[in-house]
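If you're matching them up, the sequences are chains A and B in order. Position one of the first sequence corresponds to residue 1 (our numbering), numbered consecutively onward. Position one of the second sequence corresponds to residue 482 (our numbering), numbered consecutively onward.
By construction, these hints were calculated from the structure, which means they are not laboratory data. Where a beta carbon is used, it is the ideal one built from N, C-alpha and C, also for glycine. Be aware that one or more of the hints could be misleading.
[Unchecked claim] Covered by chain A, per the in silico footprint, the following chain B stretches (three or more residues, Cβ under 8 Å):
hint, segment
1, 484-494
2, 583-596
3, 688-699
[As the list claims (entries may be wrong)] In silico negatives: residues of chain B with every beta carbon more than 10 Å from chain A:
hint, residue
4, M521
5, R547
6, A551
7, R554
8, R563
9, T565
10, R600
11, V650
12, Y661
13, F663
14, N664
15, L679
16, R680
17, R682
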Amino acid sequence: MRPLSLKWRLSLLVILVVTVVVGAVSATAYLRIRRTYLGHIDRMLTIMGNALATKVDAARPPAALEAEARLVTQSPWRGTGTHFRVWIAGDAADLAASVPPNGKKAAFLWNLSAARRPDPGEAAFFDVQDKQKHYRLLWKRLGTARGDANIVIAHPSSYEHRRLDEVMATLLLVGGGLILATAVFGTWLVRLGIRPIRKVTDRLSRLGAEDLGDQRLADLVVSRELEPLVEAVERLLERLDAALEQQKQFASDAAHELRTPLSLARSTLELAASQPRQAADYRAAVEEVLGDLDRMDRLIAQLLTLARIDRTRGVPEPVDIRLDAALHERVAEYHACAAARGGEVTAGDLAPCVVRGNEKMLGLVFRNLLDNALTYGPAGGAVRVDLAYGPGQSCTATVRDEGGRLPPEALPHLFDRFYRVESSRSRRTGGSGLGLAIAREVVRRHGGDIWVTSSPGTQTTFHVRLPCTQDADDWAGTAQG
Amino acid sequence: MRVLIVEDEVRLARNIGRMLQAEAACAVDISTDGPDGLHMALSNPYDLIVLDLMLPGMDGLDLLARLRDAGRRTPVLVLTARDTTDDVIRGLDLGGDDYLTKPFKMKELLARARALIRRGYDRPDPVLRAGPIEINTATHTVTYRGRKALLPAMEYRLLEYLAMRAGEVVSKTDIIEHLYDFNAETFSNVVEVYVSALRKRFGADTIRTIRGQGYVLGGEEP
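Here chain A stands alone, though its shape is the one from the complex:
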């Protein structure tokens, strides 16, 4: 189920808190008022009970005790409504019992619940009700020479109960009204309180892609609590803007790279067609244009590769790969290619490493590096591939050529898309400017790292670090077993 809206949750919380507080205050007030009202009666009953207790002890005849009791329970200010009953536990007859003027005994004095009986020597107060009339009742027990004596005195408390009912009604009315008011105003206040959120929401929902660039939220004034939210959104917009800008730049670069061979081909054909020419001239033009088409073809293939890699998440279909064996294959693959240029590709020390990854993607990395070494390295130079353990739980492959052509300031940008050390030179050699970018993307996906070191004039080395799934000892064990 969807959680309640913030507005309703806040409103309900406020109502709950107000209800609890009003309830607690009302209950406390009621109990205090009740104690004040009934305390008067209780004090009077205590005085009467104590007076009566002194009479019970003496060995008086019942009739005399009754007269004494009647005297004692006469309240100077509450009239004669007081009932009493005194008896010794176990005796059949009472020692004394009040008989009201109408002669009817108060039946409740004879139907007392045993559960309310106090311990010997103690006294207890409680309320009883008899025919719509309320009584406050004192039950006192005391030991006498003749046995365990019980004194019960009941005084009417209907007046107090009526007052207390009125107090209760007032409290309920005030409390209920307060809760109702809280419900109405609280909800309204909460809505007022969350209005800035709505303001921000409205503003954000109106944002479009075209607003990404220029800090559209800078003028949005919000309460301090919402500032982090707005700032977070602003930062998100900035990141999106940067990513979008990067995409635009990439598209623009890609278009530029495609247009260059296209304009070459076009100019060549137009020049050839502008005047009648020798067959050899036409053949030269056709060959040049075919070269341009090759270049476009390569670039499109690389763009597609990059797009495919960008589209997938992580490493698809990972398997355990013997990296040394894979590198041997690559070296063999490029042997003829290097020989054609008068150079050579050799495998150096290849440690038996196992990496987990996508075979095709990793193959692409080393193809691109070898392409790169053969294309930009010195003509006829040697390219050497090595593989070693370390650092840590990883292995590092190196592709080294004998060219020291890279200026230091180019090193950090070498893996950027379409970056070229020197554009005219690279263009003539037909590189797309994407090979190393693809290599970096693939290596990063595999949790590895790619970097280049160059010592001017002597050699350039590309390093590829990939995490190993097994270390050397494990693999040696597996190989033997």
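Fit chain B to the known structure of chain A by using the hints.
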């Protein structure tokens, strides 16, 4: 007319150059990087510079700005593979006179090049007139007293250049600098050779010699 092409794509530069030589009767110099291009642009009196924006060594826009800083008013045709409005605006604001996005049609490049060259000499009309001689710079045809005259390339170049500056005294150095590219071997008397060839064709008084100063085509007798 002499044109400088600053374009790092050597084949494209060569193609444009050959096209300009063949179709616009221009002497063409090619530079393939920024600093060299700027140096050439500053040290020779070009009638047009065709400038690519993506250059090794120095950005094309940078080159343009420095050229204008140095007070050169040479018309510049900007070539770019980037066609966003921002790029175009930047190129024009920095002193470019026109731009073309790659890939472009050669015919269009030629037409724009001719128009820019004419504008450099304040000649909006493609047909130049000097007395009985009419030179159509778009088609490279010359008519003399209503009849078509076929001219060898160098004679046409000389005639066109003198016609562009008709009525002005044009020095021999000016002529050599505007008719020959950097690599051409020139002899001290080439100008005299072509001037006399033109006089033979159109009459001795077509081109007057101002002793010690140079030549004048058309204009009033002193």
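Do the hints match the structure? See the list:
no.: 1; hint: 484-494; result: holds (count 5)
no.: 2; hint: 583-596; result: holds (count 6)
no.: 3; hint: 688-699; result: violated (count 0)
no.: 4; hint: M521; result: holds, 16 Å
no.: 5; hint: R547; result: holds, 20 Å
no.: 6; hint: A551; result: holds, 24 Å
no.: 7; hint: R554; result: holds, 28 Å
no.: 8; hint: R563; result: violated, 6 Å
no.: 9; hint: T565; result: violated, 7 Å
no.: 10; hint: R600; result: holds, 24 Å
no.: 11; hint: V650; result: holds, 36 Å
no.: 12; hint: Y661; result: holds, 22 Å
no.: 13; hint: F663; result: holds, 19 Å
no.: 14; hint: N664; result: holds, 20 Å
no.: 15; hint: L679; result: holds, 25 Å
no.: 16; hint: R680; result: holds, 30 Å
no.: 17; hint: R682; result: holds, 25 Å
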